[in-house]
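Kindly produce the complete structure, drawing on both the sequences and the hints.
Residue numbers (my numbering): 1355 to 1763.
The hints are simulated quantities; they were obtained by calculation from the structure and are not laboratory data. Be careful, since some hints might not be right.
[What the hints assert, rightly or not] FRET-style restraints, in silico, Cβ to Cβ:
hint	residue 1	residue 2	range
1	GLY1699	THR1554	28 to 34 Å
2	GLY1683	THR1506	17 to 23 Å
3	GLY1515	SER1568	19 to 25 Å
4	SER1589	THR1506	24 to 30 Å
5	SER1565	SER1474	25 to 31 Å
6	GLY1699	THR1621	19 to 25 Å
7	ILE1702	ASP1541	31 to 37 Å
8	THR1554	ASN1648	28 to 34 Å
9	GLY1660	THR1554	33 to 39 Å
10	VAL1485	GLN1646	41 to 47 Å
11	GLY1683	ASP1731	20 to 26 Å
12	ASP1743	VAL1485	15 to 21 Å
All values reported here derive from a predicted model rather than from experimental measurement. We put the beta carbon where it would ideally sit given N, CA and C, even for glycine.
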Amino acid sequence: MNWDELPLKRIAILSSLVIFIGAVSFALWGLKFPAPSATPSEDGGAQPRRVSTQGGGGFGGDTQLPADTSTATKPLATAPNAQSETPSANPENEIDLSSLTLFLASDSRGGVIGFDPNRSAFVRVDPTGIVTNISDDRFRDVKGVTWSLDRTMAVIEDASGKTAYNFNTKERVALPTNWTEFSFAPDNHQIAFKNMGSNTNNQYLATTNLSNGSITLLTPLGDRANRVHVDWSPSNSAVGFATIPVDGTTQQLSFINPDGTLASSATIEGAFFQSKWADSGKIFAFSTADPQQNFRPKLWVALGDGEHRGAYQEIPLQTTANQCSFGAGGRMMVCAVPNRAALDGYGIDGEITQTSHRIVGIDLATGITKTFYTPPDDATLSNPVVSKDAKKVYFTNNTTGKLQVVPVQ
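Structure (structure tokens):
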């Protein structure tokens, strides 16, 4: 495998910071990259800074995708495009939290957590609709939230900058402004990120331990940062993905191992790759935009661990991975699916405004799809989240500004 598009070089940086250097595989990653002229502290500092410290429905079990025993680079058999009835009920609960969009996550109590801009606080919404603060701290103009797997920590991007926040201890760790695309490790105390220095010689894929401030530089990014996708596997099998265009319609996809090496290359269709892991780390969803079909989205589910890591099959839902979530131990996936009239260009980011959606679930073991909710009027729906008990689906109605929940039937 030759990755001339993403050249690397083993790096050794001595500075006042505590920095650990990750192993790099020359054979996999291709040409060497010039050594950096400065540490990643050039644009905002490389080390985190501690600011303050204060005291159902027939779905269940792990997904078993059919194995391609010949190679992990070939797609699996396409799942059946089954049709089923559409429940006609309206949501059983509508909760006036105006902008939980993009920040919802399931919690262990069967509800969801997210950010309520009306309170300027993070809240928990239980299955009955009761809302409680999960922290007394206030945050302004929150633009992004990356949750840890156990939901006790988050990287919060708001008016004050970028902060790693511990909801148990209320500790805040200020992160450099040039760090982007965060993803938590399964231990909930490390994050992967891109250090985007103004000079391409100081752009890296890296990890940091929030407990002790140590930093591990995994690989230089150079001018190919947009081909590296940070997404740490819950099973610790990968810290992200790398994509290299093969021709105008396909690209090469590889896992980035925790030590910075590449593995399990596959050829996939389309461009504008997005990914979403199941909590088990055994499988993940990914989507691309099809340039031959006006960049309409295509969605797949792939094996994320084991001998056939990278084997995949197409899912009969036209939407993007960032509009989906897993439930029921990875067997169930629920997505906000746009109406056909809005599909052109949707595969690029899945965030076209004024797009009408419906909420659709799929049983990954059978391929059977089921529509859980279709709004009575055209409405933009987003951020569907399956409750831990797989009995409810929460999502945001961006048109009405309400958090809604429907039963899994």
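For each hint, the structure was consulted:
In this structure the supplied range 28 to 34 Å holds for GLY1699 paired with THR1554, their Cβ-Cβ distance being about 29 Å. A hinted range of 17 to 23 Å for the beta carbons of GLY1683 and THR1506 is consistent with their spacing of about 21 Å. For GLY1515 and SER1568, the hinted distance range of 19 to 25 Å is satisfied, since their beta carbons lie about 21 Å from each other. Checked against the hint of 24 to 30 Å, the C-beta distance between SER1589 and THR1506 comes to roughly 19 Å, which is inconsistent with it.
At roughly 28 Å, the beta-carbon separation of SER1565 and SER1474 lies within the given 25 to 31 Å, and the hint holds. The given range of 19 to 25 Å is respected by GLY1699 and THR1621, whose C-beta atoms sit roughly 24 Å from each other. With their beta carbons about 33 Å apart, ILE1702 and ASP1541 fall inside the hinted range of 31 to 37 Å. THR1554 and ASN1648 have their C-beta atoms about 32 Å apart, which keeps the hinted 28 to 34 Å range intact.
A hinted range of 33 to 39 Å holds for the C-beta pair GLY1660 and THR1554, which are about 36 Å apart. Remark: the range hint 41 to 47 Å for VAL1485 to GLN1646 is upheld by a beta-carbon distance near 46 Å. GLY1683 and ASP1731 have their C-beta atoms about 35 Å apart, which leaves the hinted 20 to 26 Å range violated. For ASP1743 paired with VAL1485, a C-beta distance near 19 Å keeps the hint of 15 to 21 Å intact.
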